[in-house]
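Q: The listed protein sequences derive, respectively, from chains A and R. Sequential numbering of the first sequence, starting at 1, is according to this note's numbering. Sequential numbering of the second sequence, starting at 1, is according to this note's numbering.
Keep in mind that the hints were calculated from the coordinates and are not lab data. Quick reminder that beta carbons are idealized off the backbone N, C-alpha and C, glycines included. Certain hints may be false.
[Stated by the list, open to error] Mimicking EDC-like on lysine to aspartate or glutamate, the simulated pairs with C-alpha atoms at most 16 Å apart in a straight line are:
| hint | chain 1 | residue 1 | chain 2 | residue 2 |
| --- | --- | --- | --- | --- |
| 1 | A | K25 | R | D397 |
| 2 | A | K25 | R | D398 |
| 3 | R | K440 | R | D407 |
| 4 | R | K392 | R | D352 |
| 5 | R | K316 | R | D466 |
| 6 | R | K440 | R | D397 |
| 7 | R | K81 | R | E385 |
| 8 | R | K26 | A | E21 |
| 9 | A | K25 | R | E395 |
| 10 | R | K476 | R | D398 |
| 11 | R | K440 | R | E385 |
| 12 | R | K477 | R | E321 |
[Unchecked claim] Rough simulated footprint, nothing fancy, chain R against chain A, three-plus residues with beta-carbon under 8 Å:
| hint | region |
| --- | --- |
| 13 | 22-34 |
| 14 | 69-82 |
[What the hints assert, rightly or not] Quick list of simulated restraints, FRET-style, between CB atoms:
| hint | chain 1 | residue 1 | chain 2 | residue 2 | range |
| --- | --- | --- | --- | --- | --- |
| 15 | R | A188 | A | A88 | 43 to 53 Å |
| 16 | A | N4 | R | T169 | 49 to 59 Å |
| 17 | A | E21 | R | G172 | 49 to 59 Å |
| 18 | R | A203 | A | T10 | 26 to 36 Å |
| 19 | R | A188 | A | W60 | 35 to 45 Å |
| 20 | R | A119 | A | T10 | 25 to 35 Å |
| 21 | R | F43 | A | W60 | 26 to 36 Å |
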Amino acid sequence: MESNLIMLLTIFVLAIFVGFEIITKVPPTLHTPLMSGSNAISGITVVGALVSAGAGESGWATCLGFLAVTLATVNVVGGFVVSHRMLAMFRKKG
Amino acid sequence: MDDSTVNIIQNTAYLVASVLFIRGIKGLTHPRTAVRGNLTGAFAMLLAVVATLWGEHIVSGWWIFAGLIIGSAAGTFLALKVPMTGMPQMVGLFNGFGGAASFLVAWAELSMSIDRRAAVEEVAGVVTQTAGPANLQFMIAIALSCLIGSVTLFGSLVAAGKLKELSFTFGGKKYWMSDSILLPGRHAINGLTFVLAVWLCIAVVMNPDTTLWYVLLVIVAGVLGILISIPIGGADMPVVIALLNSYSGLAACATGFVINNNVLIIAGSLVGASGLILTSIMCKAMNRSLANVMFATLGPSADGPSADEVYEGKIKATSAEEVAMLFDGAQRVVIVPGYGMAVSQAQHAVRDLANLLESRGTSVDFAIHPVAGRMPGHMNVLLAEADVPYEKLREMDDINPELEQVDVALVIGANDVVNPVARTDPHSPIAGMPIIDVDKCRTVVVIKRSLSPGFAGIPNPLFAMDHTLMFFNDGKKAFNELIAAVKES
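For reference, chain A alone in the conformation it holds in the complex:
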């Protein structure tokens, strides 16, 4: 169990560093799309929600899981579509 925690922590710390390294200079025009696009990615919780809802162990947990699946999906789909709309707007004159 301890080695598993260390592994997860390693992944966490490395991913944070990757995040800081790949995002160098963001032009202001992309501030909003970056925000809404990354916001959609934070909806990755949907995976956790599917696992919880899918375990189907008790009615209550399934109910919470269902709510989580719905909200996370709104976050994911809405975030990507909004970003795409904005980016398409920038592009048509680009």
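Given chain A's structure and the hints, the job is docking chain R onto it.
A: For chain R alone, coordinates are given in the frame of chain A:
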């Protein structure tokens, strides 16, 4: 296929999704690759969801598919319906949903873990054996998911309400949510709530056999999220929106530790990092620290000059006809938009005037301050919606050196970001904030409804300068009058 093969394929899919998330976020930071970056992120998400449905053998359970379908439909509907002017609050709202999902997942996992432990106790016999200590990593991750998720949800809801300019009535008085709402003794209240939240986190970890503390933590963390966001007013909103974005990533991360899932941790960390980078860009654009934005209040310093001292007898009001005459002799015009343009929804009128002037041979540029508006990149989104070409939107650092050659600067609904006091008075609350140096242009026309101060609450000596003309009017009306006047002349 046996279970370990399924497991390997599922985790390989997660690995591919993680790599695609990294590529996607990187793509989003460059204009040429942004569209592809966004699609890459969406594809990675689809891959992760399909791998989960398949790997966890989730084929039955209509409610799961119901959730996915309802969520997709609602998300698409909201995203397509929202006008560009409503974009800040929509992004805020989506962000809150992500946070909510995180603490709901942790809640479900905790409740399942309690059931499983109870089952173990029943089998073993209550007297002789208990389920033993719960997994500490699991419980700590549960508490953190709850704390960050709930702060994100309620903080985002308040932020969205502020961005939507909601108002409420309390004790017979009307309050605007967008104002900075300062409770008496708020530092003490915030401090106590924070301590209480931390204490509840510990209680959650120490009591793995009940959800009581968890529910209390959801509530207290929610109150904390509200308390942190309500004092934030107007011009500081971009910082808070970016910060909440970062929190939603960290909440997903914590959920990853709950269910031991790499793709949640990686995607969550990426979002956490990108949110923090945006936050720091916003703070730098105001020359303030994050702590200062979150906990201090901006206000005029006691020894600063009063509005009367600065403005008295020096304000020159102008009219559309006079400004149209200025345009006649102008070769270069720069338009400086601020939040006022968003409020009066003047972006289309602004574009029309810009096109009209260009058709008469005048060059028109837009100078955009990084924190103009209420979210990062707000002005860019509005002007892009109005079909203003991308290359006309110039960054502050890029256009500042050219402003001395500009004949007319047209400031619409911006105040603090063009206040020269930031350069000249080291004691001013906005001292050191990078500004757009419109005072260096040959003539400055400021379109504003009144002489009321901006968010920093200080008078703006720009308005009283010899080469500044004040055009007192609503933004959209002013531009329509200007268009008419230019056409007549």
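Q: Are the hints correct? Go through all of them and say.
A: Outcome of the hint check:
{"no.": "1", "hint": "A/K25 / R/D397", "in the structure": "holds, 14 Å"}
{"no.": "2", "hint": "A/K25 / R/D398", "in the structure": "holds, 14 Å"}
{"no.": "3", "hint": "R/K440 / R/D407", "in the structure": "holds, 10 Å"}
{"no.": "4", "hint": "R/K392 / R/D352", "in the structure": "holds, 14 Å"}
{"no.": "5", "hint": "R/K316 / R/D466", "in the structure": "holds, 8 Å"}
{"no.": "6", "hint": "R/K440 / R/D397", "in the structure": "holds, 14 Å"}
{"no.": "7", "hint": "R/K81 / R/E385", "in the structure": "holds, 14 Å"}
{"no.": "8", "hint": "R/K26 / A/E21", "in the structure": "holds, 9 Å"}
{"no.": "9", "hint": "A/K25 / R/E395", "in the structure": "holds, 13 Å"}
{"no.": "10", "hint": "R/K476 / R/D398", "in the structure": "violated, 27 Å"}
{"no.": "11", "hint": "R/K440 / R/E385", "in the structure": "violated, 30 Å"}
{"no.": "12", "hint": "R/K477 / R/E321", "in the structure": "holds, 14 Å"}
{"no.": "13", "hint": "22-34", "in the structure": "holds (count 13)"}
{"no.": "14", "hint": "69-82", "in the structure": "holds (count 14)"}
{"no.": "15", "hint": "R/A188 / A/A88: 43 to 53 Å", "in the structure": "holds, 49 Å"}
{"no.": "16", "hint": "A/N4 / R/T169: 49 to 59 Å", "in the structure": "holds, 53 Å"}
{"no.": "17", "hint": "A/E21 / R/G172: 49 to 59 Å", "in the structure": "holds, 55 Å"}
{"no.": "18", "hint": "R/A203 / A/T10: 26 to 36 Å", "in the structure": "holds, 29 Å"}
{"no.": "19", "hint": "R/A188 / A/W60: 35 to 45 Å", "in the structure": "holds, 37 Å"}
{"no.": "20", "hint": "R/A119 / A/T10: 25 to 35 Å", "in the structure": "holds, 33 Å"}
{"no.": "21", "hint": "R/F43 / A/W60: 26 to 36 Å", "in the structure": "holds, 34 Å"}
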